[in-house]
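Line by line, the protein sequences are chains A and B.
For the first sequence, the working numbering begins at 251 and goes up steadily by one.
For the second sequence, the working numbering begins at 896 and goes up steadily by one.
I should point out that these hints are in silico values taken from the structure, not numbers from a laboratory.
Some hints could be false.
As the list claims (entries may be wrong) - Chain B side only, calculated, beta carbon under 8 Å to chain A, not exhaustive:
{"#": "1", "residue": "Val-975"}
{"#": "2", "residue": "Thr-976"}
{"#": "3", "residue": "Ile-978"}
{"#": "4", "residue": "Thr-979"}
{"#": "5", "residue": "Val-1014"}
{"#": "6", "residue": "Asp-1016"}
{"#": "7", "residue": "Phe-1017"}
{"#": "8", "residue": "Met-1019"}
{"#": "9", "residue": "Phe-1065"}
{"#": "10", "residue": "Ser-1101"}
What the hints assert, rightly or not - Some residues of chain A that are not near chain B, with every Cβ distance over 10 Å (derived):
{"#": "11", "residue": "Phe-430"}
{"#": "12", "residue": "Tyr-433"}
{"#": "13", "residue": "Tyr-443"}
{"#": "14", "residue": "Ala-465"}
{"#": "15", "residue": "Leu-525"}
{"#": "16", "residue": "Asp-622"}
{"#": "17", "residue": "Arg-652"}
{"#": "18", "residue": "Arg-679"}
{"#": "19", "residue": "Ala-682"}
{"#": "20", "residue": "Met-686"}
None of these values were measured; they are calculated from a predicted model.
Glycine included, each C-beta is placed from N, C-alpha and C at the ideal position.
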Amino acid sequence: MSGQGRVTARAGLFLGRAALRLRRIRAEQRARAWQHDVLGPPLRLSPREKELVGRHWLEARFAPGLGRKVAWVTSGAPVELLKALDFFVVYPENHGAICGTARVAEGLMMEAEAAGYSRDLCSYARTDIGCVLSGRTPVGRIPRPDLLVACTNICQTVLFWYRVLAEMFEAPLLLIDTPFVYYDEAPAHAVEYVKRQLEEAVPLLERISGVGLKAERLRDVARLAKTASELWMEVMQRNRHQPAPISAIEQFIQMAPIVEMRGDPETVDYYACLLAELDERIARGIGAVQAERKRLLWDNLPVWYRLRDLAETLGRHGVVLVASTYTNAWGELAPMIDPERPLESAARTYLHPILNRGTGHKLATMRRMIDDYRLDGVILHSDRSCKPYSVGQIDQRERLTRDYGRPALLLEADHNDPRCYAEAQVANRLAAFIEMLGP
Amino acid sequence: MNDALCACGLDVGSTTAKIVAVDRAGEIRWWHLEPAEPRVEDQVARLTDLAARAGVDLSTTPLVATGYGRNLVKVAARTVTEITCHARGIQREFAGGGVLVDIGGQDSKVIYINPQGAVVDFAMNDKCAAGTGRFLENTAARLGVALDDLGRLTLSSREEVPITSTCTVFAESEVISLLAQGARLEPVLRGLHRSLVRRLAAMIRSVGATSSLLLSGGVARNRAVAQLLEEETGARVQVSAHPQLVGAYGAALVALEMQTQVE
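Isolated chain A, as found in the complex (with noise of 0.2 Å):
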């Protein structure tokens, strides 16, 4: 890395950050204006959560200027060997969804659905493959994999969309295979197979960074992760407080840092100040809905393109999303990391997501969570792009509300891709579900 580089690299940074904080700043003050007819205030925080996923993504594009070797990974890779070897993570899934959220995904699918990507593929995927092929994004400049990693615990698309973006970047890609937990819990021999990849992924991560694995090094970083996914359990459990003080909607904006900043100590502090303030709103009877009257509970991903418009409609008639099985799924992980084995743990811990077990367990899940957080119903988005997130919704669908007596509407739709987003069916199938809930 050439000196001036590394100079360069350093003012972007400075006038990125500097850049950054105004904007927090401007935002903070603009917050103590707000005001909603039935929305609750907005989270203190929240411009400070923009202004470290902000930072997030400034430190990226500058951290090739600056030596560090950069790892493109799905969203459920065991990052803190990674993060243990100094790499420079950046989760494509987080940027969709930023995508997302600033409404740009579209034209970026259509790049990639122009290059002979099918409308059937994860709208994710496209998204990024739109964003590779293009080089738009909303975050300034996204820099190219030294290392892609792709874990199978989440989806089996991951396989075809990162070799494809092997074959783009000519980078080499690293296959975590995590076998697919069928019964209560991974068998030993499938922890041991996992645990396996990742011994001997060591070496190979070691050329690629340039940088040695110390054992201490990966116990703070399985430290820094467990206690941030601890905190942000606690986060989403101070819902079981009525008015439930963060919606599951705002927990979507929320849950950023612990999914693509897990294993930093900036990530743990984040989730301290945001518990501290949930409990200044529980002790200040401040809900996300100003007269909280119904309790929901969400399945799958957000449609991340009309978060606004659902904690409106829903926040009018003093409906409220409590909890959702996407954001949990962050969370209840935790009690699996255990820093003192990091790399078995980390084995154990990436076979569980709710994703690589049965639909069995979702269901048994959702009925948790029901009781936990005392909900009056549950929405299951059918996503069209998640596949393995959306199987098994009709039969869970007709358990919840047979056997356990809770109405459950299933919601046609698809993360990110507005263009299967019906308004007009949507807005009436939400309203007639809102009525049958009741008074």
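With chain A fixed as given, assemble chain B onto it according to the hints.
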């Protein structure tokens, strides 16, 4: 003004607009139905004028609006979805709850109503007009068959030509190409009805098994739909006496409840 008319319901659907006025006992005293127009607000103004001429004093009579255009009805005291209104209307006609199949112009609904008349579950066709009135209407129009003759012609054939396309647009092309290849009209129509009814049967199964079905919506006037639905589901089908008015009637009953609560 006619004191007997105590409450009004207006159902602004995708194919037709209906207005119903009920008396204190909740009986239909006046109604009007006409094809839906693109300028919803103008049509609503005309319909409320008609109601006024029939003796409804809208300054004192509550009106509840339902249907896709409900939010454009400015005079409405309240807007309520078709799901709730259909349940309310059909419950009044056939007390004791049940499974209602409403086949409208733009969507089909299956509503599970408990014995007390509350909606406990519902299913609707998603994003696609297959399984709706439009599916039959489009094809009938292309074939030059009057909607009122559709049921009779369908039932006149025991033969059936299967239609494989579920998409309304593609089914229309398929029907035309079958006829061009020499297939007879009646068996093709029977196949077309079968396709619609099968989609409905799948929706009914998603809501729950039942031994009897209630049927409403404009398509309920087509006898072939009721008959094939019985064949397909094994359930007895009872058709509403005013199949197209069930939603507007339910809306009027909701309005009547509001009126009663005020008093």
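Which numbered hints does this structure break?
-> Hints 9, 17, 18, 19 and 20 not satisfied by this model.
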